[in-house]
Each structure stands twice: as structure tokens, then as C-alpha cells.
Amino acid sequence: MTDTSAEQKTTVSMTVDGRAVEAVPGEMIIAAAERAGTYIPRFCYHPRMRSVGMCRMCLVEVVGPRGPQLQPACYVPVAEGQEVITDSPAVKKAQDGVLELLLINHPLDCPVCDRGGECPLQDQTLTFGPGETRFVEEKRHWEKPIPLSSLVLLDRERCIQCDRCTRFADEIAGDPLIDFVGRGDHTEINTFPDQPFASYFSGNVVQLCPVGALTAEPYRFKARPWDLEQVESTCTSCSVGCRVAVQSSGNRITRRLGIDADPVNQGWLCDKGRFDYEAVNGDDRLRAPLSRSGDTLGETTWGEALGKAADALAGARDRHGPASIAVLGGARLTNEDAYAWSKLARVVLGTDNVDCQLADGLPAEVVLGLPHATIDEACEADTVVLLTADVKEELPVLYLRLRGAAVAGATNLVELSATTTGLTRYATTSVRYRPGEAAEAARQLVAGGAVTGDKVVCVLGRPSLAEQPDSVIEAAGVLLDAVPGIRFLSGLRRANVHGALDMGLAPGLLPGRVAAADDGGWFAGAWGTLPETEGLGAAGILEAAAAGRIQALVLLGADPLADVPDRDLAQRALAGAGFVLALDGHLTASSRQADVVLPVVLHHEKPGTATNLEGRVTRLGQKITPPGSSRPDWMVAVELASRLGGDLGLETLDQITDEIATLAPAYEGITRAALAAAHDGLLAGRDDASAHEAPPTMSSAEHPEVHAAAALGETDIVASEPIAVRETPEPAAAKPPTLRHRPAGRTATPPATDSYSLRLVSSRALYDEGTLVQHSPSLAHLGRGAAVRVNPAELERLGVTDGAQVRVSSSRASLTLLVAVDEGVPRGVAALDYNQAGPGAADLIDIATAVTDVRVETV
Amino acid sequence: MARLNPTNIERAREVIARYPQPRSAMIPLLHLAQEQDGHITDDAKAHIAELVGVMPAEVHGVSTFYEMFKHEDVGRYLVGVCTNLSCMLLGADELLAHAEDKLGVKVGGTTPDGSFTLEQMQCLAACGGAPCIQVNYRYFENVTPERFDGVIAALSAGTDPEGQAVPPHGTLSRVSLPHPSTDADRERPQEIHS
Amino acid sequence: MTATARTSVVFARMGDPEAHQLDRYVATDGYEALRRALAMTPEQVHETVTTAQLTGRGGAGFGTGQKWSLLANTYPRYVVINGDESEPGTFKDRQIMERDPHQVIEGALITAYAVRATRVFLYVRGEMALAQERVGQALADAYAKGYAGDNILGSGWSMDVVLHWGAGAYVVGEETALLESLEGKRAFPRIKPPYFPAAKGLYQQPTVVNNVETVATIPWIIRNSGETYAALGAGRAPGTRIMCLSGHVNRPGNYEVEAANITFRDLLFDPSLGGGIRNGNQLKAFIPGGGSAPWFFEDQLDLPLDPGPVGAEGSMLGSGAVVVMDDTTCAVRAAWNLVRFYAHESCGQCTPCREGGSWLEKIMFRIEAGEGRLEDLDLLLDVGDTIAPGPFPHASWPEKGLAASPFPYKMTTICFVGPSAVVPMHSALTRFREEFVEHINHRGCPKGSAHR
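Protein sequences appear in the order of chains A, B and C.
The opening position of the first sequence corresponds to residue 1 in the working numbering, with each subsequent residue numbered one higher.
The opening position of the second sequence corresponds to residue 1 in the working numbering, with each subsequent residue numbered one higher.
The opening position of the third sequence corresponds to residue 1 in the working numbering, with each subsequent residue numbered one higher.
Please note that the accuracy of each hint is not assured.
[As the list claims (entries may be wrong)] In silico PhoX-like cross-links for lysine-lysine, where the CA-CA straight-line distance does not exceed 25 Å: (1) Lys447(C) to Lys106(B); (2) Lys93(A) to Lys410(C); (3) Lys139(A) to Lys362(C); (4) Lys192(C) to Lys447(C); (5) Lys70(B) to Lys106(B); (6) Lys222(A) to Lys144(A); (7) Lys362(C) to Lys447(C); (8) Lys93(A) to Lys139(A); (9) Lys362(C) to Lys410(C); (10) Lys70(B) to Lys185(C); (11) Lys410(C) to Lys92(A); (12) Lys93(A) to Lys200(C); (13) Lys139(A) to Lys106(B); (14) Lys92(A) to Lys200(C); (15) Lys192(C) to Lys93(A); (16) Lys200(C) to Lys410(C); (17) Lys362(C) to Lys106(B); (18) Lys185(C) to Lys200(C); (19) Lys70(B) to Lys102(B); (20) Lys144(A) to Lys362(C).
The hints are simulated quantities; they were obtained by calculation from the structure and are not laboratory data.
Could you put together the complete structure from these sequences and hints?
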């Protein structure tokens with residue numbers, strides 16, 4: 001830490017207990033001392049939140065003009081020449097005293113407290129506190145515990161009023177639904193009566209609570225902390241890739257805690273990511289292979305199930321040709337799983353009909369081929385253009401990061417959307433467009449000068465499942481043309497969809513972001529063979545299956561009936577496919593229709609790697625052993641290959657990781673050793689050498705390929721353990737370039753709506769009918785239901801009241817739904833959350849049409 | 001159990017306009033709600049939250065910090081006896097005991113007819129007239145048990161005690177206040193001597 | 001020293017029951033000072049107040065002119081008048097606001113002019129319904145007659161004054177808590193740094209917070225010059241100040257005195273002031289500057305009402321509230337009464353005050369109620385030491401020695417409310433320890449039970 005250049009001194013020299021410490025200007029004494037090895041006790045201080053100096057546990061003496069004065073180390077910034085004393089009798093007395101005071105009204109019910117054993121109050125009492133209490137009065141009493149929400153309970157007797165939960169709710173989550181109530185020694189934390197702490201981020205307060213006052217319903221009384229074992233992993237509930245600590249007891253996941261990965265989640269998790277481990281524990285997990293006999297699926301052996309599957313695949317390949325086989329899904333898989341399946345499809349099955357997306361995302365070349373941005377780059381950008389679905393609903397922790405940046409004034413959010421979203425209130429500019437008209441809106445936005453600054457990032461996703469993505473892709477092209485140096489952060493939500501795409505689970509794509517057309521013999525050589533023609537994407541596969549042209553359809557954790565935004569097509573496809581093989585952890589609507597279902601292991605039951613929406617590759621941790629005879633997906637691929645007379649050359653997981661690093665261009669340098677050393681993961685395929693040091697510019701975007709090692713500058717470990725940067729590409733014949741894409745051209749203007757129709761918008765809410773949510777009892781009931789939301793004026797036009805039943809009809813179906821008034825929905829538009837209970841948007845949408853117009857009528 | 005009525009919404013908007021930031025109007029608006037309903041209802045808190053642009057939990061948190069805000073119905077007259085040092089030295093504790101006997105309720109209680117709620121108050125800044133009481137925040141100083149009885153008797157009879165009008169609980173100032181300018185220039189320093 | 005030769009500065013109109021009316025105010029030099037100030041430059045007005053050596057009358061006694069000079073050079077900036085008077089024993093600001101509200105408004109306007117403020121807020125305590133009506137009416141009249149609002153007195157200078165009222169919380173008297181309250185929040189005192197609202201005050205903008213009596217003094221200073229004001233009184237206490245006298249004296253009330261010219265003995269015993277202890281009783285103790293000031297006794301009666309000597313003797317003049325206790329007073333009960341007040345008024349923000357204050361109160365009540373233990377006495381001192389770490393220099397504890405001044409207290413808290421609960425306990429326990437022991441040994445108060 002010592003700065004040797006005297007002229008440009010960037011540190012502050014101070015002393016802590018007489019030892020010289022170099023501190024960072026502006027940081028608080030508590031942080032500087034901790035880095036220098038002196039831990040100052042604290043309860044209210046949290047490095048990710050505003051200091052409030054309330055608990056007074058961190059009092060230290062700071063020597064001033066009038067001698068040493070007790071000051072809160074969390075609140076006093078370091079200063080040149082400052083003398084800090086943390087071990088004097090005065091400090092010891094203050095710490096003893098504060099702890100005694102915190103304990104006088106604190107119930108000593110530690111044996112039945114979830115926090116017992118990992119409680120900062122317990123621990124600090126042991127280290128710093130008095131041995132016994134002198135308090136003989138009656139302790140404060142409150143009713144205990146009270147629910148703050150269906151997920152979080154509060155025991156006010158244990159609360160030490162540290163303000164962490166309330167600060168989190170206000171500052172970080174932006175949901176000030178809990179506050180101090182009352183005054184003085186009767187201060188409590190509470191909600192407004194009848195308005196629960198229904199924040200998507202409520203579970204964080206449980207993790208933040210320095211005592212056992214806040215407990216999580218799914219964890220309460222489930223375990224004692226000293227029985228828990230822990231492994232670090234990455235949350236795969238969505239694509240943000242939050243780092244988590246996964247804890248288990250007795251081979252059941254008991255808890256997931258956020259880890260402070262600075263470039264990603266900074267310690268926070270959404271409640272779905274925190275609690276949907278319940279689905280992994282569920283008693284309804286598949287434990288043995290299932291095989292269809294007539295109308296029923298019955299348990300069978302792996303040998304029989306694999307044999308049946310292999311026969312069907314071989315039969316299709318050999319009798320109808322490789323193009324009669326299709327593989328759908330893969331976003332649930334690890335990178336290694338996806339790589340094995342990508343290779344199986346191309347090398348053994350011979351098909352390029354693979355797609356990890358379910359017609360609910362964006363074309364692979366758009367996701368992979370645009371200049372990539374990191375979350376940090378978005379948060380530091382002059383302007384962030386939002387061209388995606390509601391980030392709060394689909395990528396909650398990205399929402400926290402963007403919201404935090406906007407509130408701090410670090411960036412301007414410019415929103416292009418069909419309806420208001422969770423980020424609308426933080427956006428400096430919000431532009432509403434009618435579905436199908438995003439490109440025009442982008443042109444106006446650019447022309448209006450709303451996209452300013454040298455650093456611009458666009459969060460690009462699939463704003464609505466009720467429109468084809470063409471106009472949104474065109475809008476991205478408009479921005480790319482108009483804004484030099486613009487970078488894109490993918491807004492695709494599905495778990496490891498970016499890893500699956502990177503492993504080539506899309507037609508015409510090969511691992512490491514290589515277009516098959518650019519392979520130049522690299523993979524063809526390494527793998528031995530490649531399909532000759534480009535395959536079908538999800539929509540094409542489904543159409544082909546419905547038309548009877550797919551003889552064997554593999555569902556890699558895919559549930560088309562729930563996830564393809566065209567339920568009619570999905571149903572016809574499943575019915576029309578000759579043979580359906582499903583690999584899944586739970587039975588889904590789709591796998592119930594399969595011929596063979598293979599039970600596979602889920603997250604926390606297997607190691608491997610995953611890639612988040614930034615392209616950040618991190619390691620997954622295995623914490624428990626899977627139920628029954630479940631196997632990893634990669635192993636199924638290897639065995640099927642063998643039964644089909646092929647050989648993937650993959651025998652261990654490590655071997656797959658190594659092969660990815662060797663063969664996949666964007667993953668060069670992302671070796672097991674490098675991953676092990678990188679706390680925050682490694683960025684795959686960054687196209688500029690110094691993402692952090694220099695703002696991305698047009699020229700840096702055009703730099704020749706420089707690989708993941710460039711991104712290592714972001715991790716603390718790298719400095720001491722550098723991995724060589726490949727400075728010159730190998731000869732083209734050896735290694736192909738990664739994908740570049742420039743969306744261009746004008747799409748057809750969508751048809752005008754007649755005056756009676758509303759244009760449908762549909763995207764996901766955090767809690768839906770998805771497998772993980774529905775198999776997590778604590779979350780399953782949180783879905784808000786399928787109500788069609790319309791502007792008040794439309795409601796008035798219809799002559800019905802908020803909450804009434806209406807008929808919603810499209811070219812596909814006519815449904816009876818509840819109607820809800822929503823001022824955030826413009827006139828002429830109807831919004832409907834995707835995949836809520838009962839009939840819904842998937843029944844109304846025809847993915848073959850550009851937009852979905854519906855009529856809303858009184859019943 | 002009410003949100004602010006149309007008249008009070010209008011008054012609320014005037015109050016909000018006095019401040020550079022709407023949230024500053026929170027305490028005055030809570031007084032307004034208390035004037036309307038005699039205490040502050042949850043509906044009124046939610047309404048105030050809308051008016052000043054915060055969450056209801058924040059209004060709840062603020063309203064429970066300040067002792068004048070009552071969250072349940074109180075009597076038409078809130079009778080507060082100061083028992084802080086100067087008043088205590090001159091018999092306030094005894095006066096409070098007398099008040100409990102006279103009204104037949106303990107501190108915090110309301111008489112069965114809903115007329116009086118008895119409170120123990122913190123220093124009312126009338127130490128020179130100790131012991132003192134307030135009825136709906138109107139002062140009575142140098143109060144003896146006999147004078148206390150007289151005040152209660154007058155209020156019970158519907159007359160002004162000792163000639164002092166006591167409006168119902170919740171009503172504070174009846175004065176209509178001036179409207180500050182909304183001119184943005186007022187945010188900058190003015191120079192009248194060049 | 002002659003206690004009777006007194007100059008009325010703030011209280012000049014107190015004898016006039018109609019002084020709150022605008023025409024009466026104008027007829028008695030009212031708004032003349034504002035007119036003169038507007039003819040001066042803001043710097044000249046500021047200089048006049050600095051010359052007057054006026055100090056804050058809220059309790060801390062900081063130099064008013066000096067406070068103004070700390071303002072950061074940004075806009076908007078605000079003047080906030082602290083009319084949340086609630087320190088036990090203090091009742092002067094209420095009287096000024098009720099009886100001479102225009103004087104407060106005039107002083108606030110002059111302050112705003114001197115510091116180039118962009119808006120004035122008058123924060124009046126919630127429980128003072130009459131003061132709110134009187135100040136409100138005065139404000140409405142002043143606006144109507146051009147003394148406030150647009151183009152004041154034809155000068156081209158405009159200033160809005162917003163009347164705001166509180167809702168019952170002692171801690172609002174702490175200036176940063178007052179600002180939080182004025183922002184519509186729970187009145188949690190702000191943690192320092194920043195040390196002064198002058199840097200970051202209301203809405204994080206530069207703000208002057210002045211007490212009602214302080215600004216009510218300013219019109220007289222402008223009319224009579226800073227030098228004239230500074231010549232009143234002596235030593236470190238130029239000018240006059242209002243002493244709020246209450247408790248066991250024959251003539252309780254507010255007395256405006258050239259404070260440094262008289263002694264506590266004058267204040268308590270002079271026939272034109274306190275008029276002696278009631279019923280001919282003996283003095284037991286007196287509080288020289290509000291409930292949070294360490295107690296004084298017979299030995300300190302001849303000290304002048306001057307912050308310097310008072311501070312040197314281990315207490316403060318604070319808000320100018322003198323509470324007199326005669327020898328019939330139970331020291332335990334009197335101290336418990338004050339501790340109860342500060343414990344009750346803790347905002348709950350920081351641990352030592354929230355938990356320690358109420359613990360002190362519980363222990364003292366137990367002793368007063370006859371359930372004390374001898375070990376409670378050391379416990380009281382030790383808990384007090386956690387909130388306001390000793391040594392605690394004190395007139396009641398001469399053998400422990402005295403520092404130059406107890407202010408600011410050493411404290412583990414964010415603001416002074418927590419230490420204020422320690423002070424009366426400490427004063428009573430160190431001086432009247434035998435009374436505490438008597439309570440413990442005789443299982444109760446020899447002078448009768450306490451009301452809770």
C-alpha cells in the first residue's frame with residue numbers, strides 16, 4: 001500500500017495504535033484500520049451502506065487538539081497525520097459499556113435463535129464485552145415474532161436498532177416499506193399496518209441483521225450454524241450470476257447467502273435467488289429415469305432408459321437423417337454440460353438443430369456479436385439505454401446495481417419501453433413505444449439528443465414475448481450506428497443462457513462464440529466432423545416438429561409448454577415429434593409428455609462453470625449429493641454418444657473445462673487454475689484489453705482478439721498471478737475469430753391496430769409459474785396472477801371496473817381474465833405478465849406474427 | 001378512518017407549496033389529519049404519503065416519533081399535566097393524582113363519555129407558572145386542585161374555562177398563513193446595494 | 001452589584017398586553033431596525049451583530065456573528081429559527097413568541113438579510129398553540145403591510161418566512177434534529193461531521209439555526225448599535241439575557257438582566273427578582289442553566305451569571321433556566337424526575353442514550369420506590385460513565401477536582417440528550433449520597449412516594 005512517489009501522494013498517512021497505516025482518502029477509520037489488520041467491533045456499520053454511527057460499538061479515540069476524543073470509527077474519515085487509538089482503557093470501557101447496554105434488553109434466548117453460533121452480538125460479547133449483566137430490571141417485551149412479509153419475520157425483542165435493514169430497504173432496494181416506529185427505548189422496526197415488506201430483496205435484511213431479530217421463514221429453526229457446511233457458488237436463478245455461499249445440513253440445502261462480489265452482486269441477492277433452493281431439496285425431484293408405456297410414465301433403469309433413447313436417436317438419424325433430430329434448451333446446464341451436448345449434437349447426432357433459447361430471447365449473433373459491456377461499465381456509463389424487459393422483474397440484482405448508479409448520479413438511465421418498469425422512476429428519460437416500433441423510438445431518441453456521453457451502454461434484451469424481436473434488434477442497430485463506442489449488456493434472463501450460447505447451443509454456432517461459417521477447420525478438425533448445413537432455431541424446430549419432420553426431440557431442461565411464447569405451437573410440436581427425450585430435475589408439463597425422462601442433477605449438486613450476462617465465467621460449487629440416481633447432463637451426453645457408437649472424448653468434468661479453454665476461442669485463458677484464482681470470475685472474450693482503465697472507444701472495439709486474461713485486471717488475485725495475454729492471434733487456419741454482428745436493414749412496419757384492438761405486451765414477473773419458483777413452497781404463492789393491465793382510459797372505454805372479468809381475444813385464443821387498471825400502460829396497449837397461473841399470454845401469442853393484437857371486451 | 005377531505009386536500013396542497021421539498025410538509029399535514037379526525041388514521045397516513053411522495057411506512061415512522069400524534073381516538077379534551085421538575089417541586093405529582101381521581105381514569109385513559117383523556121406531559125415551558133396543565137394545548141398555569149376542578153367543570157358545561165376558548169382536540173392554529181413566492185429567483189441571493 | 005438597574009432589550013414590550021398587534025409593535029420602534037438594516041449592506045449588519053458579541057441563547061452559547069460567518073458560500077441557504085423550547089426550567093421563548101411575535105419575525109428577517117438567506121423557517125414547538133397563533137397572525141399581518149414577503153419596505157429585497165410547527169419531541173431542540181424534523185423526518189440528531197449546519201443544514205444546504213431569544217435581541221442591537229449592546233453586562237457576558245426562574249422561590253418568572261452584573265444570590269433573593277426561598281426555607285440546590293446543567297449549591301450563590309465563572313465551577317448557564325430546590329426537596333426524586341425526562345425524550349438512535357438513559361431511570365425509580373440496593377449507587381455512576389465518560393467535573397464533587405469547563409461533555413452518544421440524563425443523577429448522587437443510602441436502608445423515600 002505504500003506510495004513511493006512523494007509528489008503524487010494518493011494515500012493518507014495515519015497511525016492506528018501507533019502503527020503507521022496508509023489509508024485511502026475519504027475512507028472511514030474503521031475500513032482503513034481493518035485493512036491494516038485492526039478489527040474495530042461494529043454492528044451498524046456496513047461498507048455497502050451509508051454510515052449512521054448509531055450503535056456506537058466502533059468508538060475509538062481520535063487524538064485532536066483537546067486530546068483523545070471518543071469518535072465513531074465508522075463515521076470519521078481518515079486524515080493526514082491522524083492518530084487513532086483502539087486499545088486504550090477509555091475505548092475498552094466504551095465498548096464494554098455499549099455491549100452491556102445492547103444486552104440489557106436483549107433476550108438471552110440464544111439456544112433457540114437462528115443466529116446463535118454466528119451472531120455478531122454473541123461473538124463481540126465474547127471478545128469485547130463484560131462477563132455478566134448487572135441489569136436486574138424487567139426486560140422490554142414485544143410480541144414475538146411478527147411477520148414483516150411472508151418470507152421475513154421480526155423478533156423486536158432481539159432487535160438492537162442498528163438501522164441496517166431499514167437502510168437497506170431505503171438506500172439499496174428503494175423499497176422503504178419498513179421504518180423505525182416509536183421513539184427512545186420503545187423504538188421498533190415495523191411496516192405500515194397491512195402493507196408488508198413485500199420487497200423482492202427482503203431476504204437481504206435477514207443476512208444483514210447483526211442479531212437474530214430478522215429471520216427467514218424458509219430457514220427458521222432448520223439448522224444450527226455450526227452444523228452447516230458451505231461452498232461458494234454462483235446463483236443460476238437468473239443470468240446476473242450473483243455469487244453465493246450455499247450452505248447445507250444433512251444433505252439438504254438450508255440457506256443461500258450473498259457474497260460480496262464487487263463487480264456483480266456486491267453481497268445482495270433477490271429473494272428468488274435466495275430461496276428457490278427449496279426446489280432443489282424438494283421431495284418431488286425426479287429420482288429415477290422414467291419411460292413411457294402407453295399413457296403412463298413409469299420408473300425404469302438407467303440402462304433401459306438410455307437404451308431406449310439411444311435407439312430412438314439412432315433410428316431418427318439413420319432412417320430420417322440428422323436433420324430429423326433437434327435439441328431444445330440448455331440454459332439450466334453448466335458450461336461443461338452444454339459443451340458436451342453441443343458436441344454430441346454436432347459430432348454424434350450430426351444435427352445443428354440446437355437452441356438453448358425457446359423463441360423467447362434474441363438471435364445468438366445479436367447476443368454474442370455486439371461489443372460487450374460489464375455491469376460495472378453500465379453503472380459507470382454516462383448513459384445507459386434500457387431496451388429490455390423490466391429489469392427489476394427479470395434481473396433483480398442488475399436492477400439494484402443500475403438503480404444504485406442512477407440514485408448516486410453516476411449514470412443517466414434512458415428507458416425505451418412499452419410500459420413503465422421498475423426503473424422508470426430512476427430514469428432521466430423514458431420513452432414509450434408501441435410493440436413493433438422500437439426502432440423508430442430509438443431513432444427519435446438519438447435524434448432528440450437523449451443519448452449523451454462518451455460511455456454509453458445499452459442493456460439489450462427481449463422486451464416483450466408478444467412481439468417478434470426484429471424491431472428491437474433494429475433499434476440496437478440504430479444505436480450502434482449512432483453512438484460511437486456503445487457497448488451492450490445482455491438482458492436475457494434465463495439462468496446460464498449465455499454459457500449455453502457460448503458453448504454453441506444455437507444453430508450455426510460453435511463453442512467460444514464462433515460462427516460455424518467462420519470455423520475454418522478448427523472445430524471440424526478438433527471434433528472430427530461438423531454438420532454441413534445450418535440447423536433450425538427454436539421456432540423452426542417447433543414448426544418442423546409440429547409438421548412431423550422431427551423424429552427425435554431432446555428437451556435439455558426445457559419446458560416448451562410453459563416457456564415458448566406460443567403454447568399452441570409448443571403443444572403441436574410435442575404431439576408431432578416422433579420421440580421426446582427430456583432431461584430434467586422435476587417433471588414439467590412438457591416432460592410429462594416425453595417418452596423417456598432422465599433425472600439430472602441441479603445446481604448445488606454438481607461442480608462446473610457458468611457464464612453470466614456479462615460473459616463472466618465463475619465456478620459452481622457442489623454442496624449436496626443429488627437425489628436418487630440423478631446424473632449430470634454432460635454424463636448423459638457422453639453415455640448416449642457411446643451407445644450411439646461415437647466417442648466425445650470426454651471422461652471427466654475437468655477434462656471438459658480444459659477442452660473448452662483449449663478450443664473455444666472466447667474462453668482461451670479461462671483455465672481451471674485461472675478460475676480458481678479469480679474470486680470474481682473471468683470475463684470471456686472481451687474485445688478490448690483494458691475494460692476498466694480506458695473507456696471503450698470505437699478503436700478499442702476494433703482491436704484484434706484479446707482474451708479473458710485481459711479481464712483479469714478486475715480481480716484482486718491476478719496482480720500476483722498474471723496469466724499471459726495472447727497478443728497476436730494464431731494463424732486463422734488454427735483458431736477462428738469470434739462472432740461480430742452488425743444488425744442492419746429496416747424491418748417491415750408492423751400492421752396498424754384497428755381501433756378496437758390493443759397491442760399486447762408480455763414479459764415475466766419475478767415470481768411466475770416457472771419450475772424453480774413453483775417447486776419452492778415459500779415462493780410458489782407469490783405470483784401476482786394473470787391480470788390484463790390497461791390504461792385507465794381504456795378501462796373507461798370498456799365501461800368496466802378495476803378487477804372485473806374481461807374477455808381477451810387474439811387470433812389464437814379467447815380467454816377470460818381479470819382486468820387491472822395501470823397508469824403505466826399507455827393507451828392502445830394491454831400488458832399481461834407471462835407465465836402466471838392459468839391461461840395467459842402464451843395462449844394468445846402466435847410467434848409467427850410480428851405483434852399480437854388483442855381485443856378486450858366485457859364478458 | 002378517513003383520507004383527507006376535499007377541503008383539507010386543498011389546505012394540504014397549500015402547506016406543501018410552502019416548502020422547497022414536499023416531505024417537509026409531513027408534520028403539518030399530520031396535524032391537519034388530526035384536526036380532521038381527532039386522531040391520525042392509517043388511511044390519512046397513506047394519503048399523506050401520496051401527497052408528499054413517500055411510502056406509508058415512512059409516514060407511520062414519523063408520526064409515531066412525535067407525541068402529539070394520537071393513533072387511536074382520544075377524548076374531545078386532552079388534559080395534560082406537566083410533572084417535570086419545576087412543576088413537580090410545586091405539587092404536580094399530587095395534582096396528577098388529583099386529576100386521576102377527579103376524572104376517574106388513570107394516565108392515558110379516557111373518560112367513558114369520551115370527553116377527557118388524561119396525559120402526563122413533558123415540560124411545557126411554563127415553569128414560572130408551575131404547576132401547569134394544558135387542555136388541547138391551551139395553557140392553565142398555577143393550577144391548584146380547585147382550579148383544575150373548575151376547568152373540568154367549565155369544559156363539561158360547554159363553557160370556556162377561565163375565559164379561554166378550547167377548540168376540539170387536533171385543532172392548533174386557526175390562522176391562515178401567507179403563501180410564499182414560488183419565484184425561482186428566491187433561491188438565489190438578492191443584492192439591493194450595488 | 002445592583003440587580004434592580006436593568007435594561008430591557010428583549011422584554012421591552014412585555015408589560016403591554018397588546019404588544020403582539022402589528023400597530024402596537026410599529027408604534028414602539030417595531031420594524032425600525034429592519035428598515036435600518038435594509039439601508040445597510042448585509043456585511044454591515046453582520047458586523048454590527050458581531051460587534052455586539054451576541055451569543056446564542058439556546059444553550060450552547062456560540063457567538064452569533066461567528067456562527068453566521070461559517071456559512072458555506074452556496075445557495076439556496078436558509079435561516080431556521082428554533083422555537084422548540086422544551087428544556088426543563090426554560091420558558092422564555094414561549095413568552096417572547098406569544099407576547100412579542102413581531103420582534104421574532106423582525107429579528108429573523110434581519111438575520112436572513114445579513115446572511116443572504118433565501119428563505120426563513122420559524123419552527124415553533126407543537127404544544128404551543130397560542131404561540132403558533134400569535135406568530136402566525138403576526139406573520140400574516142407583516143406580509144399584508146409589506147414587512148415580509150415581496151419587496152419589503154420598498155427596498156427591493158424580498159423574503160419569505162414559513163411558520164412550521166412541531167409535534168412533541170424534546171430532541172428537536174437539538175439543531176440538527178430540528179432540521180431533520182423540518183425535512184419531515186424522525187428527529188434524529190445528525191451525526192457529526194459535518195459539525196455545523198452552516199456547512200450542510202436544511203436539505204444539505206448552508207443553514208443558520210438561531211434561537212428565538214437570540215434573534216429577538218437583534219432589532220434592539222441594530223437600533224442601538226453593537227457597541228451599546230456589548231457595553232451591557234461585563235466579562236464574557238455582554239448584553240442582557242433572560243433568566244427563567246422557577247421552583248421554590250417566592251417570585252418565579254422571567255427576568256431580563258445584564259447577567260454578568262448580578263450573582264445567583266441576587267437572582268434568587270433580590271426582592272425585585274426571585275424574592276427569596278418560599279416559606280423562609282433553606283436552599284438545597286439550584287440548577288443554573290436548564291435541566292441538563294450540573295447542579296449548584298449554596299457555595300456557588302455568589303458566582304456572577306457569567307458563562308466563564310459558571311463553567312469554571314463545573315456547570316453552565318445553558319438556556320438561562322434556574323430551578324431552585326429548597327431543603328424540603330428529595331434529591332433522589334428531583335434527580336429521578338429529570339433523568340426520567342431525558343430517558344423519555346431519547347430519540348432512540350444511539351445505544352448509550354436509548355438503553356443507558358432508561359436503565360438509569362429504572363434504577364433511580366427503584367431507589368426512590370424503596371427497592372434500591374447499595375450496589376446500585378456504583379452501578380449508576382458506572383452506567384453514567386458509559387454514556388458520558390468521566391471524570392465528570394462537578395461542583396457537587398469538589399474532591400474530584402474541576403476541569404476548566406464540562407462542555408462539551410465527553411460523550412459516547414451522538415448528541416447531548418444522553419449525557420443530560422447522567423448530569424442530574426451525578427449531581428444528586430455525589431452531593432447527596434447519604435439521601436440515596438437512606439432511601440435504600442429505609443426502603444423508600446422519607447419524603448413520600450413518587451408518581452410515575
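Quiz item: Which numbered hints are broken by the structure, listed smallest first?
Solution: 4, 12 and 14
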